[in-house]
Amino acid sequence: MNVDNQLNELTFREAEISQLYKKDHPTYRALLEKRQTLEQERKRLNKRVSGYAFHPTGSVAFKS
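Per my numbering, the very first residue in the sequence shown carries number 1; after that it's consecutive.
Just to be clear, a hint being listed does not mean it is correct.
To be verified - 25 Å max Cα-Cα, derived DSS-like pairs, lysine-lysine:
#1 Lys22 / Lys34
#2 Lys34 / Lys23
#3 Lys47 / Lys34
Read the hints as simulated data drawn from the structure, not as lab findings.
Given only the sequences and the hints, what does the whole structure look like? Please build it.
Right under this line is the structure:
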């Protein structure tokens with residue numbers, strides 16, 4: 001499952017958890033920490049991908 005899908009799933013899960021717990025509850029805090037980790041991973045991947053130029057034919061070249 002990719003990072004964006006995991007973040008979307010967490011959004012739905014948060015909607016459920018927010019009905020049961022306050023934000024300081026360990027379950028809710030774990031969800032928020034997981035979201036932060038996934039957002040950092042997405043930024044890292046986007047930064048990595050932005051270093052490449054994608055040609056319409058599907059070839060990839062590193063930007064200099």
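Evaluation of the provided hints:
1. Lys22 / Lys34: Given pair Lys22, Lys34 holds - Cα atoms ~17 Å apart, limit 25 Å.
2. Lys34 / Lys23: 14 Å, holds
3. Lys47 / Lys34: 20 Å, holds
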